[in-house]
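*Asks:* Position chain B relative to chain A; hints supplied.
Line by line, the protein sequences give chains A and B.
Each residue of the first sequence is one higher than the one before, counting from 354 in my numbering.
Each residue of the second sequence is one higher than the one before, counting from 19 in my numbering.
Because the hints were derived from the structure by calculation, they are not lab data.
Heads up, none of these hints are tricks.
Sample of chain A residues with no beta-carbon within 12 Å of chain B, all distances over it, derived: (1) Asp357; (2) Gly494; (3) Asp496; (4) Ser498; (5) Ala522; (6) Pro523.
Each pair of labels, with its calculated beta carbon distance range: (7) B:Ala204 with A:Gly497: 56 to 66 Å; (8) B:Pro187 with A:His373: 18 to 28 Å; (9) B:Ala249 with A:Lys537: 36 to 46 Å; (10) B:Ala204 with A:Thr540: 33 to 43 Å; (11) B:Gly186 with A:Asp496: 44 to 54 Å; (12) A:His373 with B:Asp23: 35 to 45 Å; (13) A:Leu476 with B:Thr87: 33 to 43 Å; (14) A:Lys537 with B:Phe208: 26 to 36 Å; (15) B:Leu215 with A:Val410: 27 to 37 Å; (16) B:Gln154 with A:Ala529: 37 to 47 Å; (17) A:Leu476 with B:Pro24: 31 to 41 Å; (18) A:Ser355 with B:Pro77: 20 to 30 Å.
Using 27 Å as the maximum straight-line C-alpha spacing, the simulated DSSO-like pairs for lysine-lysine come out as follows: (19) B:Lys168 with B:Lys229; (20) A:Lys528 with A:Lys539; (21) A:Lys414 with B:Lys168; (22) B:Lys168 with B:Lys183; (23) A:Lys414 with B:Lys183; (24) B:Lys261 with B:Lys229.
Yeah, the Cβ is synthetic: ideal placement off N, Cα and C, and Gly gets one too.
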Amino acid sequence: MSLDSLTLQQLIERTAQGDHACFAQVYSRTQAHLFGVALRMLGREQAAEDVLQEAFVSIWKNAGSYRSHVNGQPVQPMTWLMAIVRNKSLDALRQRTRRAESQLPDDDALDDQPGAASAPSALDLLGEATRALHIEACLGGLDGSHRQSLALAYYQGLSHSEVAQQMGAPLGSVKAWIRRGLDKLKTCLAARGVAA
Amino acid sequence: MRYSDPQLIEHLASTYVLGTLAGGARRRFERLLRDRADLQLAVAEWDARLGALGQTVPPRAAPSRVWATIDARTRPLSVAAAPARPAPLGWFKPAGFSLGGLAAGLLAASALFVLMPGLFITADRAAMLTGQRLPQSYVGLLTDAQGNGKLLVSSLRHGTAMTVKVIGPITAPAQGRLVLWAVPAAGPAFVLGPVPLTGSATSELPGTSEKLLSKVQKLVVTVEADAAPTAPGAVVFSGNCAKLW
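Extracted from the complex, chain A is given alone in its bound form (with noise of 0.2 Å):
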């Protein structure tokens, strides 16, 4: 049987039994979604490029502990291969944060963070995943500060004081909105039969 003609999941379980070719053909199928996604929370070429890197080194080490179903749900492979890369991206902006920290403040920092003056784009991202994901009504059913929040944290990686810093308003008020507006989406996607 030809690679290309293998499905994500079969070429993942393959992986998971130490199948390179097919490890291979799991990065050419997927590259560039998922160097899209760091370069997307890192801003900078060079940290996508060795996020990448580590997240399919993690991949080819840990390919066996893809579970296609949760729940009777299935879990989509991209989903979960999506879930190491963000992980390492978020990663990697620690360690980023934690460096900045311990060196003395700098006036032009600020112009450097991945996500200054991007915020627009953001919610731009979160408009077009609304649509693919057809759930209107969920997201759209947020608050405008729940929704900024969300999408803030989830597509560049901000944590709460950051995306507070962004947004002007208090981390206390930013910690509110995000938990809540996880809450609701969570019981608006059950309503509709996603990870109920």
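*Replies:* Chain B alone, transformed into the frame defined by chain A:
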């Protein structure tokens, strides 16, 4: 902080996936995530909820050097070390040497592993491997009528998540779907969850496995057409349910 409160688990899983759970709390959660099926389940559900948001980010091809590095770091030794065009007579010599080296390395590593397991694994894992401690769980190995292994079912003793792993090829039923049942020593059989055709699946149990499975001796898989079957139909796989502690 206790991690048994369902609301707390839900909060931690959602902020973990969103990325706002940070610092020590994130690291603690990740440590627990390795062994707790209930946390894995909550995280997988949040991955499913939020994961689709990432699908809209514009793709961008990674430079070819990224794969070159991944390839070099992951390619199995036997493939990486194989010479592209072996010399006619001289091939066995380096191969013999490298195999000898490999064997010596393995021997040394095995000796070290036996003498000082702590170098390779955590004390907790070492205790589990040497039989001093096992994760308390219920496990079942299901086979077909010919005794071929088909499914491995497992659930931590006080956990509410069950993992079903396919270990032998399964043919999809012509009609209906495969359903896993628990058969208690006395009393009617009850549904534990769906059965995947490939890979492995995690599903949530209606209670802890201790409560549900302590009196269950047998597990069976049947083909069911009904969405909510009340009694098991024709059995395709079966096996014993064992306590592991």
